[in-house]
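*Asks:* Following numbering that gives the first Met the number 0 from start to finish, the sequence shown increments by one per residue and tops out at 139.
What the hints contain is simulated information worked out from the structure, not anything from laboratory work.
Do not take every clue at face value.
[Unchecked claim] FRET-style restraints, in silico, Cβ to Cβ:
1) Val-128 to Leu-23: 21 to 31 Å
2) Gly-104 to Val-74: 22 to 32 Å
3) His-32 to Val-133: 33 to 43 Å
4) Phe-34 to Leu-60: 20 to 30 Å
5) Arg-137 to Met-52: 35 to 45 Å
6) Arg-12 to Ile-119: 15 to 25 Å
7) Leu-23 to Glu-45: 16 to 26 Å
8) Arg-73 to Gly-37: 44 to 54 Å
9) Trp-38 to Val-133: 40 to 50 Å
10) Arg-82 to Val-42: 25 to 35 Å
11) Leu-60 to Leu-135: 32 to 42 Å
12) Leu-135 to Asp-41: 45 to 55 Å
We put the beta carbon where it would ideally sit given N, CA and C, even for glycine.
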Amino acid sequence: MTPHPSASLRHLRLGSWALAVGLLLGLVLEMLHGFKSGWYLDVGNETRRTMLMLAHTHGTLVALLHIVAGIVVRVCDRPVVSRFASAALIAGLLLPLGFLAGAFGVHGGDPGPGILLAPIGGVALLAGVVSLAVGLSRRS
0 MTPHPSASLR
10 HLRLGSWALA
20 VGLLLGLVLE
30 MLHGFKSGWY
40 LDVGNETRRT
50 MLMLAHTHGT
60 LVALLHIVAG
70 IVVRVCDRPV
80 VSRFASAALI
90 AGLLLPLGFL
100 AGAFGVHGGD
110 PGPGILLAPI
120 GGVALLAGVV
130 SLAVGLSRRS
């Protein structure tokens with residue numbers, strides 16, 4: 000059940016960097032909007048715009064989840080994050096990466112093939128959160 004001793008630091012680092020990337024993507028999207036970029040705002044690019052906004056939003060939320068997981072590992076007096084939960088939370092980064100990849104190679108109204116990563120990441124993220132909840136629910 001006990002994860003690697005540096006699990007807390009790993010999730011805190013990963014969460015902090017992912018948050019920085021998610022916020023940077025948000026700033027880039029604001030700039031594209033502010034400069035009225037056709038690549039982003041044209042009616043025919045609605046799918047791309049949606050994929051990029053979903054990548055930004057989910058990336059930021061997954062980053063915050065990693066930061067919370069890192070704090071939980073530190074403050075709990077017993078192991079609550081299994082190696083499985085830790086790996087699943089990390090694999091959950093495929094969710095925003097899938098949305099980001101889906102923004103490229105858009106054909107008509109369909110996202111690019113990279114979108115296939117999103118459901119894989121979503122399932123992994125759910126598994127990690129459930130595993131974390133189970134770990135927190137166990138009595139010591």
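*Asks:* All hints, please: hold or fail.
*Replies:* Going through the hints against the structure:
1. Between Val-128 and Leu-23 the C-beta distance comes to about 25 Å, which sits within the given range of 21 to 31 Å.
2. Roughly 43 Å separates the CB atoms of Gly-104 and Val-74, a value that falls outside the hinted 22 to 32 Å.
3. Between His-32 and Val-133 the C-beta distance comes to about 42 Å, which sits within the given range of 33 to 43 Å.
4. With their beta carbons about 27 Å apart, Phe-34 and Leu-60 fall inside the hinted range of 20 to 30 Å.
5. The hinted range of 35 to 45 Å is satisfied by Arg-137 and Met-52, whose Cβ atoms lie roughly 38 Å apart.
6. Evaluation of the 15 to 25 Å hint for Arg-12 and Ile-119 yields a pass: the beta carbon distance comes to about 23 Å.
7. The hinted window of 16 to 26 Å between Leu-23 and Glu-45 holds, with their beta carbons roughly 23 Å apart.
8. In this structure the supplied range 44 to 54 Å holds for Arg-73 paired with Gly-37, their Cβ-Cβ distance being about 47 Å.
9. Checked against the given bound of 40 to 50 Å, the beta carbons of Trp-38 and Val-133, roughly 44 Å apart, stay inside it.
10. Checked against the hint of 25 to 35 Å, the pair Arg-82 and Val-42 fails, with Cβ atoms roughly 47 Å apart.
11. At roughly 19 Å, the beta carbons of Leu-60 and Leu-135 sit outside the given window of 32 to 42 Å.
12. A hinted range of 45 to 55 Å for the beta carbons of Leu-135 and Asp-41 is consistent with their spacing of about 47 Å.
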